[in-house]
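> Now for the letters of each chain:
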Amino acid sequence: MQGQPGQWNEHFEATIAHDRRIEPRDWMPDGYRKTMIRQIAQHAHSEIIGMQPEGNWITRAPSLRRKAILLAKVQDEAGHGMYLYSAAETLGADRRGMTEMLIAGRQKYSSIFNYPTLSYADVGVIGWLVDGAAICNQVPLCRSSYGPYARAMVRICKEESFHQRQGYELLLTMMRGTAAQKAMVQESVDRFWWPSLMMFGPPDDQSPNTERSMAWGIKRHTNDELRQRFVDMTVPQAEKLGVTLPDGELRWNAERGHYDFGEVDWAEFKAVVGGGGPCNAERIARRRAAHDEGAWVREAAVAHAEKKEGQSRNHAYPERTGLNADGPR
Amino acid sequence: MTAQRDWPLFEVFLRGKRGLNHVHVGSLHAPDPEMALRHARDLYCRRNEAVSIWVVPAAAITASSPDEKDPFFAPAGDKVYRHPTFYQIPDDVPHMLEVWL
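From first to last, the protein sequence lines stand for chains A and B.
Taking our numbering, the leading residue of the first sequence gets 164, the next gets one more, and so forth.
Taking our numbering, the leading residue of the second sequence gets 2, the next gets one more, and so forth.
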């Protein structure tokens, strides 16, 4: 490497200051690399664990159309996880290592996926509220200072809008149905509203890393800004749908030009993040089982690849090995 | 039995439609090139994003180093005469555009 550490840092800071992107092999401060790996890995894990709550309803979807949609959506979540693991790897994170950290409980994922999906309406509400909140969080990340992450986010955001729309359409359909179906939607909204607001993370005054992450272009808006944006977006959608958001303090504030809303139960948030949510253990156990049960497939694929490699080598140089492709192994 | 080795990394390039170059879109792990192609289709082409896919073992790529950036690309830096804008031509000379496309 040429130059001095001071110069590398200067170059890094200048790149950030000009709102240009940091690319994989650029010099970057250790703190930036670590923060970025942690954020991308958590995000990837959230996509992977996020397959479970909805996957729960694939076999019980009420029609072939709804089943095909749900399958496509869960497949997308897997894809999003893969894009993100691939982005984290460009920073030197190891794919196998990240999976191991997840199933050992040493890296986190979004707390929202630790809530159960008790009714089919939850599939719609997750699409509308959970994916809606995810979009609020993710659209600004398309301008993340780290190039591979920003590019993965562009791809993900394009696909997320299908997720949100299919959820809302599902709920609209149910709200045109029987009284029992309408009640099912309302009950689901009641359960998911507050956890959705928690998806934006702790309030700004309890988010010690926000300032540095903003300076580095890792975050573009604070948690509270994004939470407010989500509430403002969602209230008119709830009105159209004909459901009530479970917050007695929710009302338009003409002075601020925003909706006021009640205080999130941060004790619950801390408990769920800390492993005490309704489904934390179940989610990790399922992920670990999938990993273990898939081991023979990974091994067989490697064995097949090695066998074929051997064959093509022997085929290419039969005089060197004395074997041909059909010869003894 | 434990896996003998991790699946190697492949870089994925897509041609969005005929007439365009293949463009790098990301990477994936696969046991061999054939499986890498299939995974690339499932991972990067769920919505008709491509008419053609290349997968390349990441280890096979030789890249310029970002640390060499300035000296390595410097030769092009001072050759303004390679650009059409370097040449002053009176405005009334026809068919002598700076950009033809």
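Think of the hints as simulated: they come from the structure by calculation, not from any bench.
We treat Cβ as the ideally placed atom computed from N, Cα and C, and that holds for glycine.
One or more of the hints may lead you astray.
Have a look at the derived ranges for each label pair, beta carbon to beta carbon [unchecked claim]:
1) B:A61 to A:A177: 31 to 41 Å
2) B:P67 to A:R223: 49 to 59 Å
3) B:E50 to A:K433: 21 to 31 Å
Within a straight-line C-alpha distance of at most 16 Å, the following computed EDC-like cross-link-like pairs (lysine to aspartate or glutamate) qualify [what the hints assert, rightly or not]:
4) A:K471 to B:D33
5) A:K471 to B:D93
6) A:K321 to B:D33
7) A:K470 to B:E50
8) B:K18 to B:E50
9) A:K470 to B:E35
> Okay, which hints does this one fail, numbers in order?
Going through the list in order, the structure violates hints 3, 5, 6 and 7 and respects the others.
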